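Engineer: Here's the letter readout for the chains.
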Amino acid sequence: MAKLSPRDIKRKIQGIKNTQRITKAMKAVSAAKLNKARAMLNATRPYSERLYDLINDLAMFVDRDIHPLLKVREERKIDYVVITADRGLAGAFNSYVIKRTLSDVQKFQEEGKEVNLLLIGRKAVQFFKNKGFNIIEEYEDIYRDHMNLAFTSKVGGILAERYENEKTDAVYLINNELITTATYETKVRKLFPIEPELSYDKLSELSRYNIEPSAEDVLEELLKRYINFQLYRALVESSTAEHAARMIAMDNATRNAGEAIKRWTIIFNKARQEAITTELIDIINAANAIE
Amino acid sequence: MYQLEVVTPKGIVFQGEVEQTVINTSDGEIGILENHMLLLTNVVPGKLRIERPDEEPIEFAVTYGTIDVRGDRVIVLVEEAFEIGEINVEQEKKILEEATSKLEQKETLSLEEIENFEKMRDRAETLLELAGVKVR
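Chains as they are written, first to last, in my numbering: chain G, 116 to 406; chain U, 9 to 144.
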């Protein structure tokens, strides 16, 4: 490697400082987005509590062996809803989900099961493209404007239709979730078939209700709300974990840049002194030669 | 007067004492005053109007959900509740276009798919109408 001049090293240090400015800014942006995402996650609690209560109460009115969304089947065809971010620079965030998906798919295929993927997030779409997987649908750029029930009810409808018409026997969601401020985990959760927790003590309360048009109809709609909500919740969870992951990654990058700046500054000082020494030697030699 | 809660996945959109709640259900529009019979029924896209004495009524555009009418409390659980000005007209137009074009290929769709796209279309049409955009 050619010896770098002090000027070259200075330019290098400036480059690293510029990078550090960017990673610092990205950390701050991620921190703000993390706060917003956490607030969104907390905001889902009242809805989910009331929804689950209603479903668990009504589930007793319906024969689980008959209802298409509750009926359990042997799992020969499996759908995975793979949820990643649209962007990288978030450490191992996207690769955790992708790797877990790959290993689960391989395990299912070894068991002779058919696996289909529904992809949400550009990183998932880019990875699984053209690799021979059965892809149901692909969605990119959801997190900016489409993290809402209009989107998740569209996807929920697609998945419910697949389950009802036996194009799939089970649907799982795979996404990252924030565990603590500094750690997140990849979770796989079953979406279909739905498994309500029956609450037998509520039976007498419900018998006083008028349920229109019928308990089955109301439960049917509630189950659809449940599916759409689970998808929404998974997107918000993933988004929250994504911002935390990016914050950590940018924080590490900022620190690494700082260390690199220190190391290169030492090298710069050495190089500068060497240059001065060399120049002095030249001057002295020239002076001696003249004498 | 009774306690009304309007709850969506984005949070509790309204909570307070009201005189009457007017909402669209699968059986048509209903108005709920205090001491209404116990009722559990489906909410369909339309306007939700909340009336309180000596105050202007509050209106929301709501989509699909369930209404739980208890003796002293009414809970409206809906996927979306927009203040009229909040409706994203551009987005809803796109959704309407998507649903309509999918429904044009009815022959290739299963019954459930048709039902889904019809619901998607109804939702978008209702929201656009409530936002003041002529669609049908």
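Hints should not be assumed to be uniformly reliable.
Unchecked claim - With a straight-line Cα cutoff of 35 angstroms, these simulated DSBU-like cross-link-like pairs (lysine-lysine) come out:
(1) G:302 to G:269
(2) G:151 to G:118
(3) G:228 to U:110
(4) U:102 to G:302
(5) G:214 to G:139
(6) G:269 to U:110
(7) U:101 to G:305
(8) G:269 to G:148
(9) U:102 to G:151
(10) G:244 to U:142
(11) U:142 to G:186
No lab work stands behind these hints, which were simulated from the structure alone. These numbers come from a predicted model, not from an experiment.
Engineer: In ascending order, which of the hints set out earlier in this document are inconsistent with the structure?
Structural biologist: Hints 2, 10, 11 are the ones this structure does not satisfy, whereas the remaining hints hold.
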